[in-house]
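A.B. asks: The numbering used here numbers the first residue of the sequence shown as 774 and each following residue consecutively.
Hints may be right or wrong, so weigh each one.
In silico EDC-like pairs for lysine to aspartate or glutamate, Cα to Cα no more than 20 Å straight-line [what the hints assert, rightly or not]:
(1) LYS825 / GLU815
(2) LYS824 / GLU792
(3) LYS825 / GLU790
(4) LYS861 / ASP889
(5) LYS825 / GLU801
(6) LYS824 / ASP871
(7) LYS824 / GLU840
(8) LYS824 / ASP810
(9) LYS861 / ASP871
(10) LYS861 / GLU876
(11) LYS825 / GLU792
(12) LYS825 / GLU791
(13) LYS824 / GLU791
None of these hints come from the bench; they were simulated from the model.
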Amino acid sequence: NVIAQGGDDYADNTLYEEEIYNCDTQYEFTINDSFGDGICCEYGDGEYEVKKDGVVVASGSNFGSSESTPFGTCTSCVDTLLTFDVTKPDGTLITNRDCAWVEAHSFRCGFDRATDNCPVTCSACLVV
774 NVIAQGGDDY ADNTLYEEEI YNCDTQYEFT INDSFGDGIC CEYGDGEYEV
824 KKDGVVVASG SNFGSSESTP FGTCTSCVDT LLTFDVTKPD GTLITNRDCA
874 WVEAHSFRCG FDRATDNCPV TCSACLVV
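Construct the entire structure; sequences and hints are all you get.
C.D. replies: In structure tokens form, the structure reads like this:
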């Protein structure tokens with residue numbers, strides 16, 4: 774999932790900042806340069822810095838066409854409940870389901886209750 778995305782018309786000598794508020798999870802910051810020479814050196818002295826909770830987690834300037842840096846952790850992203858109930862769209866209640874059941878019926882990951890309780894099983898931990 775893309776959380777934020779910039780454009781392609783940035784002015785010289787200008788600071789651009791964007792704050793994103795989201796839950797603790799793992800992210801990947803990717804910066805692209807259409808000319809393939811990064812944002813420093815030959816045509817100026819640009820640089821980028823990504824902070825999470827005030828701590829620099831990615832930075833750079835001379836990267837060619839693209840650079841990606843993963844940051845954050847999935848430590849708080851665990852399959853939490855041993856069993857839970859699922860209400861089908863027709864109102865039928867399915868009781869005592871666990872993440873193994875969700876994994877065997879992977880289409881259930883489309884339901885919030887399954888994703889909330891089985892984020893690892895439903896691959897909901899990594900946001901890219």
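A.B. asks: Indicate, hint by hint, whether the structure satisfies it.
C.D. replies: Here's how the hints hold up against the structure:
1. LYS825 / GLU815: The given pair, whose Cα atoms are some 30 Å apart, is violated under the 20 Å limit.
2. LYS824 / GLU792: Roughly 10 Å between the alpha carbons, so the hint for LYS824 and GLU792 holds.
3. LYS825 / GLU790: holds, 13 Å
4. LYS861 / ASP889: holds, 16 Å
5. LYS825 / GLU801: Distance of about 12 Å is within 20 Å: holds.
6. LYS824 / ASP871: violated, 36 Å
7. LYS824 / GLU840: holds, 16 Å
8. LYS824 / ASP810: Not satisfied, since the Cα-Cα distance of roughly 23 Å exceeds 20 Å.
9. LYS861 / ASP871: holds, 15 Å
10. LYS861 / GLU876: holds, 17 Å
11. LYS825 / GLU792: Distance ~10 Å between LYS825 and GLU792 Cα, so the pair holds.
12. LYS825 / GLU791: holds, 12 Å
13. LYS824 / GLU791: Holds. LYS824 to GLU791 sits at ~11 Å (cutoff 20 Å).
Consistency with the previously given hints fails for numbers 1, 6, 8, ordered from lowest to highest.
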